[in-house]
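*Asks:* Please take these sequences and the hints and turn them into a complete structure.
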Amino acid sequence: MEILAQLIVSGIALGMIYALIAFGYQLTFATSGTLNFGQGEALMLGALVGLTLVGHMSYWLMIPLVLVFGALQGIFVERVGVQPAIKTKSEFGWIMTTISLAIIFKNVAENIWGHDDITFPSPLPTEPLQFMGIRVLPMEILVVVGALAIMLAVELFNRKSIYGKAVVATSNDRDAAGLMGINTGMVITFSYALSSMTAAFAGVLVAPLTLTGATMGVVLGLKAFAVAIIGGLNSGMGVIVGGLILGIAETTTGYYVSTGYKDVPGLLLLLLVLAIKPAGMFGKSVIKKV
Amino acid sequence: MSAVKNISIVLAIAAAAALPTLWPNPYYIHLMVVIGIYAILLLGLDIVVGYVGEVSLGHAALFGIGSYTAGVLHFQLAVPFLLAVPASILVTGLFGAILALPALRVNGPYLAMVTLAFGTIIQILINEMTFLTNGPLGLSVRKPVWFGHQVTGTDYYYIVLVALVLALFVVQRILKSHLGRAFEALHDSPIASDCMGVSVYAYKVYAFVLSAGMAGLAGSLFTYSEEYISPNTYNFELTILFLLAVIMGGRKTRTGPILGAIIVVMLPNVLSDIDLFRKISIGIAVITVMYSAYAVTARIRSIRQLVLPLIVTISLAVSGFFINDISEHRLTIFGVMILFVVYYLPNGIMGFVRGIVVRFRPQWIHRHVQILEHGDKQHVWAVPDHPVTSNGFLLEARNIVMQFGGLKALNDVNLQIKKGSVHGLIGPNGSGKSTTMNVLTGIYNPTAGEIEFNGKIITGTTPSSIAGEGIARTFQNVQLFGEMTAIENVLVGLHHTFRHSLIDVVFQTPRCRKEKNSAEVRAASLLQFVGLADLANEEARNLPYGKQRLLEIARALALNPSLLLLDEPAAGLTAPDIKELISMIEKIRSHGITVILIEHHMDVVMSICDTVTVLDFGQKIAEGTPAAVQSDEKVIEAYLGGSAKAA
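So the sequences go chain by chain: A and B. Here the first sequence stands for residues 1 to 290, numbered as in UniProt numbering. Here the second sequence stands for residues 1 to 647, numbered as in UniProt numbering.
Please keep in mind that the hints were generated in silico from the structure rather than gathered at the bench. The structure displayed is predicted, hence computed values, not measured ones. Do not take every clue at face value.
What the hints assert, rightly or not - Using 25 Å as the maximum straight-line C-alpha spacing, the simulated BS3-like pairs for lysine-lysine come out as follows:
#1 Lys284(A) <-> Lys408(B)
#2 Lys456(B) <-> Lys87(A)
#3 Lys377(B) <-> Lys252(B)
#4 Lys456(B) <-> Lys419(B)
#5 Lys579(B) <-> Lys377(B)
#6 Lys5(B) <-> Lys252(B)
#7 Lys89(A) <-> Lys252(B)
#8 Lys252(B) <-> Lys176(B)
*Replies:* What follows is the structure, encoded as structure tokens:
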């Protein structure tokens, strides 16, 4: 029983990271119907840039700089990869361009930071805390709190500020929002900036828990896909629940079956959800008007 | 022209067959074998990417499944080559179905996301299931021994060549058949395709499974070619290479995948040779600079459009002199190539070549097969697939509610359509007429209520199965298959008359030819009926608006419907055309087809409708004969506002 509780606690921290990346997918999918297949690479770049900066300053000072870097990276991806494809209404186009940008980023990162994984110095004590026999790393608590905080901040921004209203309007109906004088192109660019920013933030949150390296983003980005589909691409609640389910499924499979198989339940769950409720567990199915 | 084409195909095959004798270098023969194997996979991938328009990021994994099926069968059970290859095709096709059935239920990037995850999982499984696959150590396989003769590398080249020619032949036949037409139709206009009984979902899955089968064939051939397989071959990089090959070679062509295969197999060789890389990158940069200079002076493109490719190509050429080991930067180069192809060569190299040929010799390129069949009067009509059994009402909609969020577009609407009648549906804009149409054809699933058609409850089923039951429709916003010719549009409507299977298509059995022929006669007759006989081989998007509406009627009639839904057929027609339309609708009725007509031209409605239903704000406000409805106070109020008495 204690082991199971321990596995669930570790699964929660992992799941929140997935949720945060999946949240980034949702941000851009809502405004533009596209998403960044290189979200994992945005995370990886955030972590590696953070690693370099941490050599010169404290972890807490580094975070805002990484957020700025993430936003710029998102703008770059949107301008180079997504915007032309949206103009030509080519789904194939944006999928291929975001993938190719992703492999370019990964390759460049390999050439700058090397092929080997590097440990990221932890800003918090690495001594686990004990709660009723369950060990929790302080960093794991930071991951959960940080992830929830940034999601909450974005939600508040969307609901309360006038710029957020523009984002919501664009998500509801891009054409109508455009006719009302909202610069929807700008809103989409902004959503990409926000999306990559959350990914970069996720990167510096997860880095002290795992190793940092050019390939760290691939699997994380992939898991977040599963989370986004399981929870629903248009449900904020869905990604958190989806993330937790996947995170816990992984830690338990890793322990009870074999660590080699820990990535398998994700796909099975993914196929199952698509087969039963394609819009995701919490997603609303959209009625396409003719 | 087709003679020239046939001769060139024979010459190409002969040249490929002669290559090993002219150039007996085992290394190059092996490269050509790999090219042939990749080309088979790419032909299949093109069905998904080019024809159906979905992105698969799982083809490397499917290739791996094919490889490992053959490998495991050989290694564990010593199954012979000729059995292992078909088994690989079947197993990989099965995996394709497991993937496609859930992933294609929703539109959007889901297939790409699911296949990407699938790719990772398959690699993990191959690594972990050591008892079957020997894990990371890989499997060793020997080429088959036939009649006491050990098949050599050169022999194997001929085996792959035969497989490639067969694959080309089969794919060509499939894509030229009604199946290929269905693939193109669903990509062109999914809604219209569903409403013509061609289920978008079913045919997307069909295409994906076919494509997976071909990946399985390629995979099994690869196993025997390499004689050693290990999990790391089938990685994400290979998937990227496959996609690059398909789009670079040219989608929707047979030559494109072969060209693409040559490029991606040769690419690593180019990248391993720094001198060659420098020469090629400088060459590309020079060509880009020259083209840009030409394009800017000739005002084809603006400088802004050309800045990015110029920067990229020049920096590629310059970087060649600073890098010693290009293979380190291999992925960056692949990425840049994909970006380049997506933006500047969207139709691939073959598409680019075709574009040039069309400019100088337009008669050399046939975008469509010309169908020169002449229609006649007796072939216009056919009995419905499902004979009308119910007497009295053909269709009954009971208490239909259709809610979009807080808006009730239809509120408790009852509708009874008498068999053999023309039933008018009128009302001001936004009253729910088109919504009714969409509910009846299954595009919207009503929030409440049920619809009974011909004795069956059809609510909750799919648009394509409703079309199969015998409800055909036209669209208010024309939904033709724009890139197909008029007659091809009608042939999509006739899809349900093609009962023959894939096997018939591949072997062009008499049954297949007979069905094809009678469908073509029928299609031509239908075009003649709506007065478009002269425009049969014209692309639908080039027809004037009024003619497009008529073509939609012909296409709908091809479904052999017992109920025809016409959504504003008179919009965009001139006065004489409208007269023609009225007589057309009367002829349709006289052949026993019940019609529901949405129309704003009151003269049309009043002259041909037996019953008219009036909707306003989602509710039925009047129903009766045209004359009775015309003098109904509620109707006058809805149309003119205020009460009739006050005026």
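*Asks:* Is Lys89(A) close enough to Lys252(B), meaning Cα to Cα at most 25 Å?
*Replies:* Between Lys89(A) and Lys252(B) the Cα gap is close to 19 Å, so the pair holds against 25 Å.
*Asks:* Under the criterion that the straight-line Cα-Cα distance not exceed 25 Å, is the pair Lys456(B), Lys419(B) satisfied?
*Replies:* Answer holds: Lys456(B) to Lys419(B) is near 15 Å, not above 25 Å.
*Asks:* Taken at face value, is the distance from the CA of Lys87(A) to the CA of Lys456(B) at most 25 Å?
*Replies:* violated, 45 Å
*Asks:* Straight-line Cα separation of Lys377(B) and Lys252(B) no greater than 25 Å?
*Replies:* Given that 25 Å is the threshold and the Cα spacing comes to 36 Å, the pair is violated.
*Asks:* For a C-alpha distance cap of 25 Å, please report whether Lys5(B) and Lys252(B) respect it.
*Replies:* holds, 17 Å
*Asks:* Holds or violated: Lys252(B) and Lys176(B), Cα atoms, limit 25 Å.
*Replies:* holds, 11 Å
*Asks:* Taking 25 Å as the top limit, are the C-alpha atoms of Lys579(B) and Lys377(B) close enough?
*Replies:* holds, 20 Å
*Asks:* Verify the proposed pairing of Lys284(A) with Lys408(B), using a straight-line Cα cut of 25 Å.
*Replies:* holds, 18 Å
Checked against the numbered hints listed earlier, the structure breaks hints 2, 3; every other hint is satisfied.
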